[in-house]
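*Asks:* Letter 8 of the sequence shown, counting from 1, is numbered 8 in this note's numbering, and no numbers are missing.
If you are wondering where the hints come from, they were derived from the structure by calculation, not from laboratory data.
By construction, the Cβ of each residue, glycine as well, lies at the ideal position given by its N, Cα and C atoms.
If a hint is listed, it holds; no wrong ones were tucked in.
Ranges between beta-carbon positions, derived for each pair:
(1) S184 with S81: 38 to 46 Å
(2) Y55 with S184: 40 to 48 Å
(3) V170 with V18: 28 to 36 Å
(4) A152 with A186: 18 to 26 Å
(5) R225 with S81: 31 to 39 Å
(6) K143 with G47: 34 to 42 Å
(7) P109 with R227: 34 to 42 Å
(8) G119 with D183: 21 to 29 Å
(9) S175 with P137: 34 to 42 Å
(10) R163 with R225: 19 to 27 Å
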Amino acid sequence: MLLILTACEGTLPPLRGVAEVGRDAIVVFVGGQGQAGGDLFAVLGSGGQVIPLTYTNVGEMRPALSPDGGAVAFLRGGSLSDSTPGSVWVMNLLSGAEREVSLPEGAGPPTRVGWAKDGRSLVVAAGSGLYRAPAPPAEGDAKAIPPGARVAAESSLAVLLGRPAFGRAVGCENSSDLCVLGDSGAPALLAKGTRDAARWGGDSVAYFMGDALLVRPLGPGRERRVRLEGGPARPREPTVFAGQRR
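Using the sequences provided together with the hints, build the complete structure.
*Replies:* As structure tokens, then:
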């Protein structure tokens with residue numbers, strides 16, 4: 001089955017006048033507590049006014065910003081009555097246009113989406129399989145990733161820490177804490193009372209503590225809070241573009 005790209009007409013640049021897309025650090029996250037799930041929102045990495053990105057009647061979830069900060073991939077619910085993911089979408093943050101990425105028939109419902117390091121393709125977990133699809137606006141087939149390439153592909157879906165990566169952020173056995181899983185295979189505590197970790201460049205990690213979005217250096221330094229002014233209820237599932245040095 002070919003990769004199907006469906007445009008939403010009449011869109012406006014969602015971050016115009018707020019952020020320079022591809023330059024400024026931004027955080028995209030899910031918020032809201034409707035029956036169908038939440039919407040996507042954005043805020044500058046320095047904090048400030050929260051900007052809505054989506055306004056649909058179905059839920060959006062598990063966003064992933066592209067490596068260049070110009071687009072965000074996410075899952076969209078397939079029903080007005082629950083938050084089960086039904087499709088994969090990509091929003092261009094410069095134009096606001098959206099494209100749907102179709103998976104092969106029989107792939108199963110998507111559960112996660114991530115970007116290849118070069119930003120040219122998407123990795124999608126769906127059912128028991130992994131699939132790679134060209135990132136919009138490119139066209140092509142969404143293909144199953146062979147077993148020998150799965151480990152490398154799965155890194156696109158992980159919250160890797162450090163540059164080079166020394167581990168990945170995972171949930172601890174106590175579900176209200178976050179841990180680091182390194183090469184040793186033994187998880188170590190990252191932060192208590194936190195959830196939903198996100199990579200913040202090569203030197204920091206972000207996570208939620210309650211409704212507070214915090215950024216913690218991986219080395220020396222102090223944790224800081226990102227202000228979410230006018231933010232939604234239940235902020236969650238952040239993804240970060242750390243910005244470019246000017």
